[in-house]
Every structure is written in structure tokens, then in C-alpha cells.
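Here is how the chains run, residue by residue.
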Amino acid sequence: QQQVKQSPQSLIVQKGGISIINCAYENTAFDYFPWYQQFPGKGPALLIAIRPDVSEKKEGRFTISFNKSAKQFSLHIMDSQPGDSATYFCAASRGNQFYFGTGTSLTVIP
Amino acid sequence: DGGITQSPKYLFRKEGQNVTLSCEQNLNHDAMYWYRQDPGQGLRLIYYSQIVNDFQKGDIAEGYSVSREKKESFPLTVTSAQKNPTAFYLCASIQPTGANVLTFGAGSRLTVL
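Sequence order for the protein chains is A and B.
With this note's numbering applied, the first sequence covers 1 to 110.
With this note's numbering applied, the second sequence covers 111 to 223.
No lab work stands behind these hints, which were simulated from the structure alone.
Please note that the accuracy of each hint is not assured.
What the hints assert, rightly or not - Straight-line alpha carbon distances no greater than 25 Å define the calculated SDA-like cross-link-like pairs of lysine to any residue that follow:
#1 B/181 - B/169
#2 B/167 - B/134
#3 B/181 - B/151
#4 A/58 - A/47
#5 A/42 - B/155
#6 A/42 - B/148
#7 A/42 - B/222
#8 A/15 - A/108
#9 B/193 - B/117
#10 A/42 - B/196
#11 A/15 - A/41
#12 B/167 - A/27
#13 A/68 - A/78
#14 A/5 - B/132
#15 A/42 - B/121
#16 A/71 - B/154
#17 B/180 - A/95
#18 B/167 - B/210
#19 B/181 - A/93
#20 A/5 - A/32
#21 A/42 - B/183
#22 A/5 - B/151
#23 A/42 - B/163
#24 A/57 - B/211
#25 B/181 - B/219
#26 A/42 - B/169
Treat the numbers as computed from the prediction; the structure is a model and nothing was measured.
Using the sequences and the accompanying hints, generate a full structural model.
Below is the structure:
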């Protein structure tokens, strides 16, 4: 059973546009929700993360929106740039146990 | 700089051969993980280790083996019993306390010929 469901699988956005990736989870025991960014041939790197006691977290052009009652969270990339083209993974964790979404391949067109 | 080093970056294997992927970290992290990445399937947990000389199976452990003789090292052996081993393999580790930040290595791509 997929613990974390992620959509869309792929996304194409014009430069300057907003990229939105959505995730949903089932287990209410999860207490940490990170997003990872992965470039081809590289390992994922932590982009931004949120805990369930906060509804939104912003770091530069990247924002996580968190809806605890709906068990959903999303990543918003404002003013998307070609350099943001990568695969993005959401995850949910409790302690040292992590569960990942299936990834979203983002392409930002110049 | 602290980090996780995976080697080799690329590896080719003939069917029926065992191969070992190396993972070394100098972050002083207690817990280490191996994930397998396939297109469209995200990251799937193979094995993880919370402390030295202890490890647990993840969701797809069949055909794989690990050891954790040192805190810094967590090698993964892909055995001939793994029926579809061609994939990108990622090693990761986590801080012992605090922010739950999972740090990844750069990965090893295994191709079975």
C-alpha cells in the first residue's frame, strides 16, 4: 500500500509560472513532511520541510502548504526557472521511518 | 566536507554475479539506509540499520544483503537471487537527534547485461 500518494507524475511550466505538486498521506502518526529535489544522476537533496503543527512554510520561492484535516500537503514553486527542472519527491516520516511519493518530473520551459 | 560517498558510480554485472555497492559516511550518523529507485516508482526501502551490527529488512529486501560492521560503512550486496537488479541505488543516513534530515549519497547505477 502506497503510504504517500503524489501527483502529477510530470509537469511542464513556463518560466515565471507557478509549479504545484500535491501529496496525500494516510497515517496520522507522521510528524515530518519533507520535499526532496533530485537532478539527473544525483541523489535527492532536502529542499524544504514542514511539521504538522504549521499550515504553511516558505523559503524563498518554495512554499509548503499543509492541510492536516485533509491529510494533504503541496509544494508551490513561485516564479519557476529552468534551473528548477528536476524530479521532486514528497515524503512523510515518523522517527527514522520515511515513506516517499513516486516523484514528479518538473520541466520549466524558457 | 561531511557527506555520503557511494561507489562505484556505474557498475555493470553479468547475470548470476553478486555485486557489492559501497556506502561510506563521515557525518557521524547512527542510522543508514539503502533505497532502490526505478522510473515512476519513487524510492523503495531495501534495508536500514539503526546501529552497528544491527539491520532490518525494508519493503524489497529479497535478493539483497547488507552488513554494518562499522558506524561509517553500510555496504549493499546485490545477489544473483535478485531477479531484476538494474536500477539506481541510493544510500542515505540520518542525524541521531533533532531535525529528521535524511541525507543521500550521489547514487550507484547498476546495469545487468
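Could you grab the alpha-carbon distance between residue 15 of chain A and residue 108 of chain A and see if it respects the 25 Å cut-off?
-> Roughly 6 Å separates the two Cα atoms, so the pair holds.
Taken at face value, is the distance from the CA of residue 163 of chain B to the CA of residue 42 of chain A at most 25 Å?
-> Judged against 25 Å, a Cα distance of about 29 Å means the pair is violated.
Between residue 181 of chain B and residue 93 of chain A, does the CA-CA distance stay at or below 25 Å?
-> Holds, at about 23 Å.
Would you check the hint for residue 42 of chain A and residue 169 of chain B, treating anything up to 25 Å between C-alpha atoms as holding?
-> With Cα atoms ~23 Å apart, residue 42 of chain A and residue 169 of chain B stay inside 25 Å; holds.
Quick one, are residue 42 of chain A and residue 196 of chain B close enough, alpha carbons at most 25 Å?
-> holds, 17 Å
Going straight from one Cα to the other, do residue 181 of chain B and residue 169 of chain B come out at no more than 25 Å?
-> Judged against 25 Å, a Cα distance of about 23 Å means the pair holds.
Within 25 Å, alpha carbon to alpha carbon, are residue 42 of chain A and residue 121 of chain B?
-> Given that 25 Å is the threshold and the Cα spacing comes to 15 Å, the pair holds.
Are the Cα atoms of residue 42 of chain A and residue 222 of chain B separated by 25 Å or less?
-> Measuring from Cα to Cα gives roughly 20 Å; hence the hint holds.
Does residue 68 of chain A pair with residue 78 of chain A here, judged by a C-alpha cut-off of 25 Å?
-> Since the Cα atoms of residue 68 of chain A and residue 78 of chain A sit roughly 23 Å apart, the hinted pair holds (cutoff 25 Å).
Regarding the pair residue 180 of chain B and residue 95 of chain A, is the alpha-carbon distance no greater than 25 Å?
-> holds, 22 Å
Compare the distance between the alpha carbons of residue 42 of chain A and residue 148 of chain B with 25 Å, and conclude whether the hinted pair is satisfied.
-> OK: residue 42 of chain A and residue 148 of chain B at ~14 Å, within 25 Å.
Compare the distance between the alpha carbons of residue 167 of chain B and residue 27 of chain A with 25 Å, and conclude whether the hinted pair is satisfied.
-> holds, 21 Å
The structure fails hints 3, 14, 23 (numbered hints given earlier, in ascending order).
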